[in-house]
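Listed here are the chains, written in short residue letters.
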Amino acid sequence: MPHFPSRLPALSRRTLLSGAAATLLVPATARLGAAATTSSESPAPKAGGTLVAVLDPEPAGLVAGITISAPAVAVSSNIFDGLVDYDEGFKLRPALAKSWETSADGTTITFRLRDDVTWHDGTPFTAADVQYSLMEVTKKTHPRGNAVFANLTAVETPDPYTAVFRFSRPSPVVWSAFNGTETQILPKHLYEGTNPLTNPWNSKPIGTGAFIFKEWVKGDRIVLERNPNYWDKGRPYLDRVVFRIIRDPASRAAALETGEAQYIPLNPVPLADVARIRASKDLVVETRGFEGPAQMYFFDFNLRREPFGDIRVRQAFAHALNRQALADTVFYGLAKPATGPVPSYQTQFYTADVPQYDYSLAKAEALLDEAGLRKGPDGVRLRIDHIPSAYGEDYRRAGEYFKQALKRIGIEVTLRNYDLPSYVKVVFTDYDFDTHSAWYSAYPDPQIGVQRRYWSQAIKKGTPSSNASGVADPEIDAVIARIQTEGNVEARNAQIRELQRLAQAKLPSVNLLELSFFRVYSRRLAGIEYGPFAGYQSLKTVWLES
Amino acid sequence: MSLDATSAPLALAPARSRRSWRLNPSSFTARFLRSRTALIGTTGLLLVSLAAVFAGVLFPGDPLDMVARPFIWPFTTWTYPLGTDMLGRDILVGLVYAARVSLAVGLAAAALAVGLGVLFGALSGYFGGWVDQVLTRITEVFQTMPSLVFVVVVVAILSPSITSIVLGIAITSWPQIARLVRAETLRLRDAEFVQAARVMGMGHGRIILTHILPNAISPVIVAGSILVAHAILTEAALSFLGLGDPNLISWGSMIGSGREVLRTAWYMTALPGIAISITVMALNLLGNGLNDVLNPRVALT
Chain A
1 MPHFPSRLPA LSRRTLLSGA AATLLVPATA RLGAAATTSS ESPAPKAGGT
51 LVAVLDPEPA GLVAGITISA PAVAVSSNIF DGLVDYDEGF KLRPALAKSW
101 ETSADGTTIT FRLRDDVTWH DGTPFTAADV QYSLMEVTKK THPRGNAVFA
151 NLTAVETPDP YTAVFRFSRP SPVVWSAFNG TETQILPKHL YEGTNPLTNP
201 WNSKPIGTGA FIFKEWVKGD RIVLERNPNY WDKGRPYLDR VVFRIIRDPA
251 SRAAALETGE AQYIPLNPVP LADVARIRAS KDLVVETRGF EGPAQMYFFD
301 FNLRREPFGD IRVRQAFAHA LNRQALADTV FYGLAKPATG PVPSYQTQFY
351 TADVPQYDYS LAKAEALLDE AGLRKGPDGV RLRIDHIPSA YGEDYRRAGE
401 YFKQALKRIG IEVTLRNYDL PSYVKVVFTD YDFDTHSAWY SAYPDPQIGV
451 QRRYWSQAIK KGTPSSNASG VADPEIDAVI ARIQTEGNVE ARNAQIRELQ
501 RLAQAKLPSV NLLELSFFRV YSRRLAGIEY GPFAGYQSLK TVWLES
Chain B
1 MSLDATSAPL ALAPARSRRS WRLNPSSFTA RFLRSRTALI GTTGLLLVSL
51 AAVFAGVLFP GDPLDMVARP FIWPFTTWTY PLGTDMLGRD ILVGLVYAAR
101 VSLAVGLAAA ALAVGLGVLF GALSGYFGGW VDQVLTRITE VFQTMPSLVF
151 VVVVVAILSP SITSIVLGIA ITSWPQIARL VRAETLRLRD AEFVQAARVM
201 GMGHGRIILT HILPNAISPV IVAGSILVAH AILTEAALSF LGLGDPNLIS
251 WGSMIGSGRE VLRTAWYMTA LPGIAISITV MALNLLGNGL NDVLNPRVAL
301 T
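If you're matching them up, the sequences are chains A and B in order.
At position 238 of the first sequence the residue is numbered 238 (this note's numbering), and the sequence of numbers has no breaks.
At position 220 of the second sequence the residue is numbered 220 (this note's numbering), and the sequence of numbers has no breaks.
Treat the hints with caution; some may be incorrect.
No more than 20 Å apart at the CA atoms, straight line, and that leaves these computed lysine to aspartate or glutamate pairs for DMTMM-like [said to hold, decoys possible]:
| # | chain 1 | residue 1 | chain 2 | residue 2 |
| --- | --- | --- | --- | --- |
| 1 | A | K407 | B | D65 |
| 2 | A | K375 | B | D62 |
| 3 | A | K407 | B | D62 |
| 4 | A | K506 | A | E545 |
| 5 | A | K506 | A | D477 |
| 6 | A | K461 | A | D477 |
| 7 | A | K204 | A | D121 |
| 8 | A | K363 | A | D310 |
| 9 | A | K218 | A | D248 |
Hints in this document: simulated from the structure, not taken from any laboratory.
Please build the complete structure, drawing on both the sequences and the hints.
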């Protein structure tokens, strides 16, 4: 697996950039027994052909800077580009920016842009597009953009192919967000003066990307065609990419097995079917490509309600949930127990040196007794409800697992299942739950994905994937503030490790699993990428073998 | 009477108490005992009801408990004769306990629907005029909506629970009962015995309750038994769509969760499917049988 050839030289350079780049080295090691084989790497890419991919659910729009749902990003990354890109070792790769440098004090980043790029409508791409996209779209409408680029004060454009980013203080986190799946560059000439959220171009996008938007038949398919003027010469290889929308998981599996579709990047088939599909001669199950989003599964308490204010009660829950059994049964082995909020494969941030809660019903019962929750004559000591994530049957089944596991220590759980919009309202707007389980993306930097679970300022009524449990701890807040403002990479990483320790010691939420998302695709596909965001990434490197 | 006089109701009565137990061949019991469909239906239903009632005695403990290794196939071990599901729950125990939920939902929904239907139907048929106009329009509004979609909406709004499911099914099935009762009431309203009751000075309520409904009730009983079957199927459909009560086990929820592994472990879907088929079939047979039994013009063999 990758050995980070750039790490040592990068650390020896003096600019903040190199330091920052080093922090981004996430080993893209095959997680949790990733696919045994990868598609055959033929030296000579073959041009032509139509690739049929499958999406679910249908996205609301096709611009990732505006609609951030995973399926939207998976389509959008083909149409738009970012300033940079990541390779498999999480190193920066040029995209719309040819090169970049960071000032010694870390508050200025200068991007040199490509001068041979045109939008799909023929208009030339310039630094003004970069300025507009960052200041007007990313900072104002992107749900995470405002937090990540909080310190970005201005983007200057001294000439059409130079963009100078000015920060009020060093922000190492931005280097985890310049890629095209997170911060897309949009055409200023089509968006300026409009409300980006309601701009009609969101559903017929004009980008700079490898593929040109052709048509979107709602409920059925999205068709993209090869961009013959793409700046990355020779690419893309495919003539056409068709994203079909298939809602039923069993039908998605069937589409792959009959050869009707060749690629499913997200949520491809029921977990129960993975073993069968792995055994297939024609299909590949690939778990690499999700280290960037890094999905982490957890069990939350509504800390506004009693008895969850008592840490002994929360510890009892942590002791009562058998995370290994959960990973093996409910997730069919496509997950592994988490030791904290940061995934173990993000080695530059991760620390295992944090309090752990082993599976022990005896300890759990003792803690509950100590907290004054004694068993009644019916064997029940506490009655609570639980809302599992509405993002699929697997999470509902996990809810059934929690119900049974907690019953063993005398906690009677009533499950409440909702459809997606009601779930978002009940959990993130009404806060009407005792306990809740879900996954959030940790993202390549804990400041993007992890802090929102623990930061008191991330208690945002109505915002999905925010701090719904109401964690507000001054000590944790102080550490998060230091992570946000610390410019020195090592000192910042130390604070990130401190955050993990506090998260496990104070236990406002039980970290359960590192989920292993996966793609399924035909062995006829070649040139598949395995980078940290590859599950969402452009298909410009892919071709079809006959 | 077109009853076959040579058929032998006597044979069904115990020999030693022939005189005292002799049944009038046209009585309900005698006709019921001669209806093969009704008997088969009753037997099937009785078995399911016994399983439901004695579930706790047969299998003490929680049917949702994860007791063994997941994915044990049926008939491979005596400990779990029908195998285990994807979480390691005993399928046999699940089936037996699920009978409770499915029957309870079926009976409660049917009872509620019959109650509503009788009320609306009797009032609109008996009073006629503007009462009839208004009530019939209301009934039609409910009838024009596709029932499964309507139930899904009701359950989704009220959040899935056993109460909302019963309510949803009842709300969508009462119109057919209402129309049935209305038609019967219209027929009876001007019958001579009703006119006589009216002349005697009986109130409307008493006339409806003591004279009209008792004579209109047989088609309702038949429709009601079919309605129970319909309600069980609807509950199964809701659970299949993920709108069942997650805290209870029903045949529908077993099928719903088994569906995902249909390709690898079809038995998880097939077994509760068989249970539903048997129960619904029994209820339909009972309904058809009752229809014959309660209709004196049908000859029973």
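Hinted pair K407 of chain A and D65 of chain B, Cα distance within 20 Å
holds (9 Å)
Hint check: K506 of chain A vs E545 of chain A, CA-CA at most 20 Å. Holds or violated?
Roughly 53 Å between the alpha carbons, so the hint for K506 of chain A and E545 of chain A is violated.
Assess, step by step, whether the Cα of K204 of chain A is no farther than 20 Å from the Cα of D121 of chain A, and give holds or violated.
Answer holds: K204 of chain A to D121 of chain A is near 12 Å, not above 20 Å.
Tell me if the straight-line CA distance from K363 of chain A to D310 of chain A falls inside 20 Å.
Holds, because 16 Å separates the two Cα atoms, which is no more than 20 Å.
Is K461 of chain A close enough to D477 of chain A, meaning Cα to Cα at most 20 Å?
Given pair K461 of chain A, D477 of chain A holds - Cα atoms ~18 Å apart, limit 20 Å.
Quickly compare the C-alpha distance for K407 of chain A and D62 of chain B to 20 Å and report which way the hint goes.
Between K407 of chain A and D62 of chain B the Cα gap is close to 10 Å, so the pair holds against 20 Å.
Would you check the hint for K375 of chain A and D62 of chain B, treating anything up to 20 Å between C-alpha atoms as holding?
holds (18 Å)
K506 of chain A and D477 of chain A were given as a pair; does the straight-line alpha-carbon distance stay at or below 20 Å?
Holds, at roughly 13 Å.
Check the hint pairing K218 of chain A with D248 of chain A against an upper bound of 20 Å on the C-alpha distance.
holds (16 Å)
Consistency with the previously given hints fails for number 4 only.
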